[in-house]
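Line order of the protein sequences matches chains Z, S and P. Per our numbering, the very first residue in the first sequence carries number 1; after that it's consecutive. Per our numbering, the very first residue in the second sequence carries number 1; after that it's consecutive. Per our numbering, the very first residue in the third sequence carries number 1; after that it's consecutive.
Read the hints as simulated data drawn from the structure, not as lab findings. Note that CB positions come from ideal geometry on N, CA and C, so glycine has one too. Watch out, some of these pointers could steer you wrong.
Residues from chain S that keep clear of chain Z, each with C-beta distances beyond 12 Å, as calculated [claimed, not checked]:
no. : residue
1   : Asn185
2   : Ala241
3   : Lys300
Straight line, CA to CA, 20 Å or less: simulated PhoX-like cross-link-like pairs of lysine-lysine [unchecked claim]:
no. : chain 1 : residue 1 : chain 2 : residue 2
4   : Z       : Lys202    : Z       : Lys143
5   : Z       : Lys110    : Z       : Lys94
6   : S       : Lys188    : S       : Lys300
7   : P       : Lys167    : P       : Lys98
8   : P       : Lys180    : P       : Lys98
9   : S       : Lys198    : P       : Lys10
10  : P       : Lys167    : P       : Lys180
11  : Z       : Lys94     : S       : Lys9
12  : Z       : Lys110    : P       : Lys167
13  : S       : Lys198    : S       : Lys188
14  : Z       : Lys157    : Z       : Lys143
15  : S       : Lys188    : P       : Lys280
16  : P       : Lys280    : S       : Lys119
17  : Z       : Lys202    : Z       : Lys110
18  : P       : Lys180    : Z       : Lys94
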Amino acid sequence: MKNINTILSDNKEVAQDKFAKLKTEGVSLYYGAFQALRNVTLDMPSCAITAIIGPSGCGKSSLLRLFNRMNDLIPQARVSGNVELDGIPIYNPKIDVVELRRRVGMVFQKPNPFPMSVFENVAFRPRRHGSKSRFELAEIVEKSLRHAALWEEVNDKLEQSALALSGGQQQRLCIARVLAVEPEVILMDEPCSALDPVATLKIEDLMRNLAEDYTIVIVTHNMQQAARVSDMAAFMMMEEDRAGVVVEYGPTSQLFTNPKDKRTEDYITGRFG
Amino acid sequence: MVAASDIEKSLRRRLRLGERFIEGWIFLAGLLAIVVLLGIVAILLKEGLPAFGYTPPWEFLFGTKWYPVSEPPTFGIMPFFVATLMISLLATAVAVPIGVGCAAYLAEVASSKVRETVKPIIEILAGIPSVMMGFIGLILLSPLVQSIFHLNTGLCGLTASIMLSLMSLPIIVSVSEDALHAVPNEFKEASYALGVTKWETIRHVCIPAAFSGITAAIMLGVGRAIGETMTVLMVAGGALAVPVSPTDPMTTMTAAIASGIGNAVRGGLQYQALFAVGLILFIISLAVNLIADRVLQQQKRRFAR
Amino acid sequence: MRAEARLSRKVSQRTAFAFLALATVITLTPVLFIIVYTIINGASALNWEFLTHSPSQAGKAGGIFPAIVGTFYLMLGTLIFALPIGVLAAIYLTEYAKDNWLTRLINMAIINLAGVPSIVFGLFGLGVFVLTFHFGLSLLAASLTLASQALAMVVTTSREAILAVPKEYREGSLAIGATKWQTVRHIVLPQALPGIITGAVLAISRAAGETAPILVVGAAFFLPGLPQSPFDQFMALPYHLYTVSAHVPGVPRSTLWGIALVLLAVVLSLDVLAAVIRIKARQRK
Chain Z
1 MKNINTILSD
11 NKEVAQDKFA
21 KLKTEGVSLY
31 YGAFQALRNV
41 TLDMPSCAIT
51 AIIGPSGCGK
61 SSLLRLFNRM
71 NDLIPQARVS
81 GNVELDGIPI
91 YNPKIDVVEL
101 RRRVGMVFQK
111 PNPFPMSVFE
121 NVAFRPRRHG
131 SKSRFELAEI
141 VEKSLRHAAL
151 WEEVNDKLEQ
161 SALALSGGQQ
171 QRLCIARVLA
181 VEPEVILMDE
191 PCSALDPVAT
201 LKIEDLMRNL
211 AEDYTIVIVT
221 HNMQQAARVS
231 DMAAFMMMEE
241 DRAGVVVEYG
251 PTSQLFTNPK
261 DKRTEDYITG
271 RFG
Chain S
1 MVAASDIEKS
11 LRRRLRLGER
21 FIEGWIFLAG
31 LLAIVVLLGI
41 VAILLKEGLP
51 AFGYTPPWEF
61 LFGTKWYPVS
71 EPPTFGIMPF
81 FVATLMISLL
91 ATAVAVPIGV
101 GCAAYLAEVA
111 SSKVRETVKP
121 IIEILAGIPS
131 VMMGFIGLIL
141 LSPLVQSIFH
151 LNTGLCGLTA
161 SIMLSLMSLP
171 IIVSVSEDAL
181 HAVPNEFKEA
191 SYALGVTKWE
201 TIRHVCIPAA
211 FSGITAAIML
221 GVGRAIGETM
231 TVLMVAGGAL
241 AVPVSPTDPM
251 TTMTAAIASG
261 IGNAVRGGLQ
271 YQALFAVGLI
281 LFIISLAVNL
291 IADRVLQQQK
301 RRFAR
Chain P
1 MRAEARLSRK
11 VSQRTAFAFL
21 ALATVITLTP
31 VLFIIVYTII
41 NGASALNWEF
51 LTHSPSQAGK
61 AGGIFPAIVG
71 TFYLMLGTLI
81 FALPIGVLAA
91 IYLTEYAKDN
101 WLTRLINMAI
111 INLAGVPSIV
121 FGLFGLGVFV
131 LTFHFGLSLL
141 AASLTLASQA
151 LAMVVTTSRE
161 AILAVPKEYR
171 EGSLAIGATK
181 WQTVRHIVLP
191 QALPGIITGA
201 VLAISRAAGE
211 TAPILVVGAA
221 FFLPGLPQSP
231 FDQFMALPYH
241 LYTVSAHVPG
251 VPRSTLWGIA
261 LVLLAVVLSL
271 DVLAAVIRIK
281 ARQRK
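Extracted from the complex, chain Z is given alone in its bound form:
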């Protein structure tokens, strides 16, 4: 697989169309009368890591939650514009939201393992979708835990409560839980902000590994992390009416070394935010 930056620099239009796993076109998000996002247009390539960065409160998480329709859980939320997964509009009422959320999994800022054993956490959804024997489930659990770089640490504690694990282990468990349902996209909402630096690095390594098979979109307020980890980066800001907009979007290396918009440059160089 060619380096994504090379492909993009070769032929931007075609490349983006070809690789667009997730797409938004002129999307605005409203919570009641309040506009949280304005006119967001982005294409996110598959099997790459896209980072969404920006100062706090500018709508990064709201944007992330567009892709698995978690905003639906908020009673007053309303989306206008087009959001697509593999070219299929996902805000169509005919879409099965449950299946969408399987394909587009999410890991949250604060690790949220279920109050059950490690095994049951990972096996949670597979157990209830399709009759799976204990043997099959065990296979799925092991595969997912290995994929999440956690197997070595927990294979002797599978029956213990997940809440007894460390913060970093809990977050990798949450990742394993997502991997167990065989998604195509993994959304990560500031996955390391509640973790210590050692755990953070482990997860960043894990992300790079996962990006070979999955499309990853990560929200982070840590610019260095975005620079380390991501292939593409979108810089967001809050405008005067508190609506979030995407100021600039492009390959990470370019955004950080040669930003096109002055606001991006100001943020990157630490002049605000």
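Got chain Z; can you put chains S and P on it based on the hints?
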């Protein structure tokens, strides 16, 4: 690579019949509270409205003679209404100072250890069945009242009021204490910073600030007293005349229904009249509780952060 | 002058606090007195015969076994009808209901139901279950009546327990493609279970002590045997205490206190059970 149409198909909305089935039951269960409430209203109207056909409403509400077995029977609920009013107001008048005082003590003065010990005991008071309170009133309190006030019988409104005030205490204490707790610390701190003592702060800052919550507590206490049946049935005396003083034996609306309904012929005049009393009781109770709830919501909004 | 003023304010504070403490003592004393007095006076009546035999001589002698059994059946019946429906209704209100007029109406109905006098529930049970549904004076009608009364409480306590489950668990479940019901059934409900059970136990405790609703829907003063089917009449502890103390002359005092003690023991032990469950659950967290 999976074809786009395959992806689209797999993302199409599933029926999930099992979920729909369960969700249907969940929805029905949600409606049941309304169904029960409407059922109560419906049955009270169905069986009770005809009573106003026999006795015009004005006479029913303000008549003073309740003679179900005379020829012809007359139904006037003034004796019951006055009794309910007298007993409830008296019980509340006694319970409020004690209850609010206790609430103030628990919220502002008592150490948390004391609070942790006292609150469960008050919960126990709330849990004592009303027939038990009636029993205590009957066996222990009424002879006492009889001798203190030199009455023919200790089964009178006063005895009932005393027992009822005990029964209203838990709710008055509980809601008042919540109201006092909800007073923002900033108010109290501002007061202390001006050199005002704790008691003066309680008296002039906390209680006025918690005023609507305390009002709600009082109304809930009144509501409790109005709706109480067994205690008054057992100790209030059961007389059918309009009571003049608390030491008269009397019958409240609740006791009238409870004692009469067993003998009433199904569908007969007395039966209908008793349902009509139930209807009036329901309306009064509903009104008191609705107002109390409205006041409580108001208080929550005042101090919402 | 200043020192005097300060002193007098301190004195009035002490006096005021003494009155507040007195109010607390006045609130507490009757409960403790009632419990202790009942135990002292009722203990003598408690023997094997009392608890396992039927009453004789119109309740002046014999035991209260049928009343105990009847109360037990009523508690069971109330539980069977009120718990599943109440929990499902609470699930509806917390997980499925949208913020519209219907939901507001349901919430209002629950608040109002909680304030309806118990004798009005008795009329409701009489008119609807005994007569309209033709269940007659029966355990079934009484259980349904008590369950209707308990419904508001079960819904309220279950709702609180379900709302207390952190939303992170729900989000984590939905975000991996579990359905709403799967999330409720396997994550939310198990977490809310202690709170739900506590509420249920308290509701049954209250049902065990209720007299007014069962007065008119099937409680009997004396029955030769135990109820054999839900359509039979029944005896019950609170009703027995009422009739024997208020309507039967010449019953020995110790018998009356004995009945009161058994009733109090049933109600209070359930309250204690609920408290224990609540404390244990909090400890585990």
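Going through the earlier hints one by one, which of them does the structure break, listed in rising order? 5, 15
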